[in-house]
Amino acid sequence: MTGTAVAPPPTVKPSVRHHRSRLADPAVGIWLAAAAVTALGWIVVAARGGDFLTLANIVGILQNCVALGLVAVGQTAVILTGSLDLSVAYLISLGTLVAATTMEDGGVVTAVLAVLALSAAVGLANGLIVTGLKVNAFIATLGTAFILRGWIEDNYTGPAGKVTVSFQHLGYDRIGPFPVSLFLLLAVAAALWLITRRTRFGHHLYATGGDEHAARLSGVRTRRTVVAAHVLCSLCVGAAALFLAARLGSGAPWAGTEARYDLESIAAVVLGGTALAGGRGGVVGTLGGVLVLAVLDSVFNQLGVDPFFKNVVRGVVIIAAVALYARRGSRRPT
Amino acid sequence: MTTATATGATYQRVVRSLGTGAPVYALLAVLLVLLAVTDIGFYEPDRFLAFVKRAAPLVILAAGQYLVIVCGEFDLSVGAIVTAGVVAAAEVYGSFPGAPWLLITAGLLLAGALAGLLNGLITTWLRVPSFITTLGMMLILEGAVFYWTGGSPHGQLPQDFRQLGRGTALGWLPWAVVACLAAGALAVLLMRSDFGRTLVATGDSERTAALSGVRVHRARVIAFVLSGVAAALAAVLVGGFSGVSAQAGRGYEFEAITAVVLGGVVLGGGRGSVVAAMAGAFSLQALFTLLNLRGVSGALESTVQGVIVIAAVGIGAADWSRLRRRRTHSSGGTPT
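Chains A and B, in that order, are what the protein sequence lines are.
Heads up: the first sequence begins at 8 in the working numbering, then just goes up one per residue.
Heads up: the second sequence begins at 21 in the working numbering, then just goes up one per residue.
Just so you know, the hints here were simulated from the structure itself, not pulled from any lab data.
Predicted model, so just to flag it, every value in this text is computed and none were measured.
Ideal Cβ placement from N, Cα and C applies to all residues, glycine included.
Check each hint, because a few of them may be wrong.
[As the list claims (entries may be wrong)] Only some residues are given here: those of chain B computed to face chain A with a beta carbon under 10 Å:
hint: 1; residue: I142
hint: 2; residue: V148
hint: 3; residue: I152
hint: 4; residue: M158
hint: 5; residue: L159
hint: 6; residue: V165
hint: 7; residue: L313
hint: 8; residue: S317
hint: 9; residue: G318
hint: 10; residue: I330
hint: 11; residue: A331
With the rest of the complex left out, here is chain A (with noise of 0.2 Å):
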């Protein structure tokens, strides 16, 4: 891989070893697998007598790509520090029904950095649940999404507050062809992308990720860096909320849990090649994941698939993506 925080073995004959990384990197597998599964269903719609590849649909998938993008952008940086976040689905809804709400009283102004706070808040007390009470990240997480649950279910009992007309633009409008909020997405990936790639943070993420008792002797401030990646997941889907509220016109308590984003993030994460275990893969290989299963969804619903059987393909899918990323790991030399 290249551009990580570990040098390649001096051994290892640079040349040999791009070529073979540029091969192997799932970044790229997964970039193809989108191609292959558009085009896929660009044959199998056309056999149907229909027309996949028009504008409309085009901007459709994208559009879809938007929320769960996201929220996978997000938790690929806590993914890569070998910590996960079980918490964006309730932290979703809850965003929803805190922009709607504030937007009512409020402006615009108000809502965003209302939320955008709330996630901040909550991505610190994960982080420091995760590393200063050493849970685990699974139940700490958990943890959250349970208390945040509970908040949620508390104070609404349905959907709440109205977002203005000027904000609903976000979810709405586009610039040519493209959804605005698509750009929202790519100026978040692309942050995320430089942070991850480009900057000391980015490289102590992965460290962290790769072998944390190694990191945490070279002098990388583990703890650190997996607050802030919380703290980072934690803002994307912030955004994440804020786009669906946008899109929806109103605060709703299901926006997050209905779609199941903390598990169809993780899945798209892993999906783009980036290592469970933390240490390896990007955000480039998680948008990847994300298309795939946007397209996906797109030619099922183009060819009119039981949306219970789309679950059932998706599942094979996901094991199936993985099981070849798992197959092909383990013939490079390690």
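Position chain B relative to chain A; hints supplied.
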């Protein structure tokens, strides 16, 4: 606890005999005392047995989940197996109203074993992380069951099938309690057998276990199969007392994992006892009951649950890491 005044040696001995489960036994004791204080009649045989009966599915799931977690894996598919089991049983009874309950139950257990076998084979042979394998299995099972039933499960479970979940033996002992005790005893026996030690060794260090002649893949596959069977048994109980619903097993996977971790079993494997895991399940159920009795609104229930789980695991982690460091000086564990 009495250990506060005991000498260092006794303290160490007590700690060792309790294993890493000490916090959960303390938590369970506190909860049971609070239950007695809150509700005078809680320990009347009927009421208490009803409590155990309600806890039974979670305890059985926790025992199965423990086997998977102690060898270093996850099983997120148990909730889906419970849902699928309940819905499938109802569907089969819809087609064959006169089917004998024993046959259906056996069929469910076999199906659970099959799902577990698939989980295990995909995890070990195809080297897919079990988090993803079982997550995929969860999507597949839920999708398949709803696809089969066209979105809304219908049909009814006949009385004799529901007997295991809601009926009583000898007129006072709920069958669910019997099933729970039997599953618990089996789990304890299993963990005391060679296979149990093999399983813990696999979770502790796969490489060491493999070099000592353990067939680690086989051990893991068996753990998944047993977890699947446990989930199917839980499905029979759940179907027995709450009837057919598309939500039957939702959330059970996280509750089971929470229970196991509450019992001091380390995610990543190799440490913790099955009794403590089942005590974790009882603690969770006691917590739910207590919150109910205290009149905490259903909404805030999950908040309290979240806080307690984090606190309990946090306290456990803090204590034991210090103890471990005292015994062996450097054990640079990596998080999962």
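Exercise. What hint numbers does the structure not satisfy?
Worked result: Hint check: 7 fails alone, others pass.
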